[in-house]
Amino acid sequence: MQLNPKTIKELRQKFNWTQQQLADACDVSLRTVQRVEKEGAASKETTMALCAVLEVRQGKLIKLDEDTTPLGGATTLNKHTITTVLALSSVVSFILGMITVFFIMR
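Using the working numbering, the first residue of the sequence shown is number 302, and each one after it goes up by one.
Calculated from the structure, these hints are not laboratory results.
Possibly wrong hints are sitting among the right ones.
DSBU-like cross-link-like pairs, simulated, lysine-lysine; straight-line CA separation at most 30 Å [to be verified]:
hint, residue 1, residue 2
1, K361, K310
2, K364, K339
3, K339, K307
4, K315, K339
5, K345, K310
6, K315, K361
7, K345, K307
8, K361, K339
9, K315, K364
10, K307, K361
11, K364, K310
12, K345, K364
13, K345, K315
14, K310, K339
15, K364, K307
16, K345, K361
Label pairs and their in silico Cβ distance ranges [to be verified]:
hint, residue 1, residue 2, range
17, M349, I396, 58 to 64 Å
18, V392, S344, 51 to 57 Å
19, N379, F316, 36 to 42 Å
20, T319, V357, 14 to 20 Å
21, V357, T384, 39 to 45 Å
22, I396, K361, 49 to 55 Å
23, T319, E346, 18 to 24 Å
24, M302, V392, 47 to 53 Å
25, M349, Q322, 17 to 23 Å
26, R332, K361, 19 to 25 Å
27, S394, S344, 52 to 58 Å
No residue lacks a Cβ here, since even glycine has one placed at the ideal position from N, Cα and C.
Can you build the whole structure from these sequences, using the hints too?
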């Protein structure tokens, strides 16, 4: 499971614990805590132990990629982009309507 290393470290420091103290409380090795704080990689069992010891829900520890964009790679739409798309769709609708009327009147 991929956890947010920064969140883990901040929660540990909030309790004023060393990595060894957190490892002992979770009943995992020091190396496991070091890996979680460096890479965010943790097993489900380690994640559950961290949640219990740090008194947080699992969702708080899950890594959220800040570099990814929503909707699987779609860019975020701003007001200008939305306005442009609406204007273009209005023009296209008008043109299609005029073409339809032209063929009906023929």
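Indicate whether the distance between the beta carbons of N379 and F316 respects the range 36 to 42 Å. Distance hint for N379, F316 holds at roughly 41 Å.
Pairwise hint evaluation, K339 against K364, where the allowed Cα distance is 30 Å at most: Given pair K364, K339 holds - Cα atoms ~13 Å apart, limit 30 Å.
Are the Cα atoms of K345 and K361 separated by 30 Å or less? Judged against 30 Å, a Cα distance of about 14 Å means the pair holds.
For a C-alpha distance cap of 30 Å, please report whether K345 and K315 respect it. 23 Å, holds
Quickly compare the C-alpha distance for K315 and K361 to 30 Å and report which way the hint goes. 15 Å, holds
Per the hint of 18 to 24 Å, is the separation of the Cβ atoms of T319 and E346 within bounds? 22 Å, holds
Hint check: K310 vs K339, CA-CA at most 30 Å. Holds or violated? 9 Å, holds
Range hint 51 to 57 Å: satisfied by the CB atoms of V392 and S344? 56 Å, holds
Could you see if the CB distance from I396 to K361 stays within 49 to 55 Å? 52 Å, holds
Mind checking the alpha carbons of K345 and K307 for me, to see if they're no more than 30 Å apart? 18 Å, holds
With a cut-off of 30 Å on the C-alpha distance, tell me whether K345 and K364 pass. Answer holds: K345 to K364 is near 14 Å, not above 30 Å.
Could you check the hint for me, namely that R332 and K361 are 19 to 25 Å apart, CB to CB? 23 Å, holds
Consistency with the previously given hints is maintained throughout, with no hint failing.
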